[in-house]
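Q: Listed below, chain by chain, are the residues.
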Amino acid sequence: MERARCLAVIYPELEDRLVVTIMGACAQELYDLGDRDNFFYLQHAMGLASSIGLGLAAHLPDERVVVLDGDGSVLMNLGTFATLARYRPDNLVHVVFDNGSLLSTGGFASQTADGTTDLAAVARGAGIEQVASVDDEYGFGEAFMEALERRSLSVIVARVRATGPDHYGMDLALPENAFRFRRWIARRRANAPSHPPGNAP
Amino acid sequence: MPVSYENSKTIYRGIRDAGVRSISALPETWLGLLLQRAEDDPEMSLIQVAKEEEAVGVAAGAYFAGVPHVLLMQNHGFLAAINGIVSLAQLYSVPLCMLIALRGHWGEPYPWHTRGGIVTEEVLRALSIPLSYARDPVSVGRQIAEAWTFSQSSLSPVALLLTRDLMED
Numbered sequence: 000m001e002r003a004r005c006l007a008v009i010y011p012e013l014e015d016r017l018v019v020t021i022m023g024a025c026a027q028e029l030y031d032l033g034d035r036d037n038f039f040y041l042q043h044a045m046g047l048a049s050s051i052g053l054g055l056a057a058h059l060p061d062e063r064v065v066v067l068d069g070d071g072s073v074l075m076n077l078g079t080f081a082t083l084a085r086y087r088p089d090n091l092v093h094v095v096f097d098n099g100s101l102l103s104t105g106g107f108a109s110q111t112a113d114g115t116t117d118l119a120a121v122a123r124g125a126g127i128e129q130v131a132s133v134d135d136e137y138g139f140g141e142a143f144m145e146a147l148e149r150r151s152l153s154v155i156v157a158r159v160r161a162t163g164p165d166h167y168g169m170d171l172a173l174p175e176n177a178f179r180f181r182r183w184i185a186r187r188r189a190n191a192p193s194h195p196p197g198n199a200p
Numbered sequence: 000m001p002v003s004y005e006n007s008k009t010i011y012r013g014i015r016d017a018g019v020r021s022i023s024a025l026p027e028t029w030l031g032l033l034l035q036r037a038e039d040d041p042e043m044s045l046i047q048v049a050k051e052e053e054a055v056g057v058a059a060g061a062y063f064a065g066v067p068h069v070l071l072m073q074n075h076g077f078l079a080a081i082n083g084i085v086s087l088a089q090l091y092s093v094p095l096c097m098l099i100a101l102r103g104h105w106g107e108p109y110p111w112h113t114r115g116g117i118v119t120e121e122v123l124r125a126l127s128i129p130l131s132y133a134r135d136p137v138s139v140g141r142q143i144a145e146a147w148t149f150s151q152s153s154l155s156p157v158a159l160l161l162t163r164d165l166m167e168d
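Read top to bottom, the protein sequences are chains A and B. Mapping of the first sequence onto numbering that gives the first Met the number 0: position 13 corresponds to residue 12, and the numbering continues sequentially without gaps. Mapping of the second sequence onto numbering that gives the first Met the number 0: position 9 corresponds to residue 8, and the numbering continues sequentially without gaps.
Hints listed in this document are in silico derivations from the structure and should not be mistaken for laboratory results. Do not take every clue at face value.
Partial chain B-side listing against chain A, Cβ under 7 Å, derived [claimed, not checked]:
| # | residue |
| --- | --- |
| 1 | L45 |
| 2 | A49 |
| 3 | K50 |
| 4 | V57 |
| 5 | S86 |
| 6 | P94 |
| 7 | Y109 |
| 8 | L126 |
For clarity, every value in this text was computed on a predicted model and none was experimentally measured. All C-beta atoms, glycine included, are put in the ideal place defined by N, C-alpha and C.
Model the full structure from these sequences, guided by the hints.
A: Here you go:
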């Protein structure tokens, strides 16, 4: 399956979530589906998307946080699974798109390429209980919806092909993205009491 | 030399008085008593990471969430966190208020700390991270408040270096 198709499947569910995505192809594909103020594109600092997600989830228990990660990035910060398991934010869904490749930095094979390293097993071994491995769009969509519905830290490892967009570029300066993201959260928190009951997860 | 109980208490009070309600940390000897206080404080959120670079991400998340946050780490942890500091905090103008235990400096008896201690200030300067040394329990509270304020106004990482004079009795 293709990551872009997976993103298209879950895109409607991301409307009022706090979404943190890694750099490169994943960021571009999400942006191309339709940029939103509640999206933060981590265009560098590989490995830290899930750490940002933890910081968001731990401090905003009424929000749902979705991290869109990749094998190359998460391999740079495997300790994140252990830290997530330790604090178990029940409002965090951590998606790892595993294409076995450092696609956005040159297409080199990653440690998951030949199946030697199983990131789902790493997550389980770190102590995360809800871990799904999927390799088709239907399974991915179902795993994602289940993860959103349950109140429990969830990791989804989605095996995807090593393909990306044929173009790169966003009309969004990086600090602007940070300011916008923070402002979206602040406004939402300010308006929180007026949200109809049941709107919050 | 034992870690200073009184000065750890003073530093923790300084963190609280600065309005900070969240800490990310990797524990080490000098920070142990401080982190114990954070753990026992129901109004403080404490996230202990496996490696210090994670704390940069956690701090960014706390900043986006609007929760005042500081990072506690050893200087070797700061050295391990540099890409996150550069390519998340500085690249995106995310403030970081870092309280850094300065091991391997004046009076250091342990050889393994020394190289990190010798280069810490120069690395901070190379990264244009404003720094100050905390040596005196009388002024450390004010220094923490100032470090916090400056990180927020400059949208930048700042470092307060916690020295042996302050951390050991």
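Q: Confirm or reject each hint.
A: Results for each hint:
1. Interface hint at L45 of chain B: violated, since its Cβ lies 10 Å from the closest Cβ of chain A, which is beyond the 7 Å cut-off.
2. Interface restraint check: A49 of chain B against chain A, minimum CB-CB distance 3 Å, threshold 7 Å, status holds.
3. Annotation: interface hint on K50 of chain B holds; nearest CB of chain A at approximately 5 Å, less than 7 Å.
4. Checking V57 of chain B against chain A: minimum C-beta separation of about 4 Å stays under 7 Å; hint holds.
5. Interface restraint check: S86 of chain B against chain A, minimum CB-CB distance 4 Å, threshold 7 Å, status holds.
6. The restraint placing P94 of chain B at the interface with chain A is violated, with a minimum CB-CB distance near 10 Å, outside the 7 Å limit.
7. Given the 7 Å rule on beta carbons, the hint for Y109 of chain B is violated: about 25 Å separates it from the nearest Cβ of chain A.
8. For L126 of chain B, the interface hint is violated, since its Cβ never comes within 7 Å of a Cβ in chain A; the closest pair sits about 14 Å apart.
This entry does not satisfy hints 1, 6, 7, 8, going by the numbered hints stated previously.
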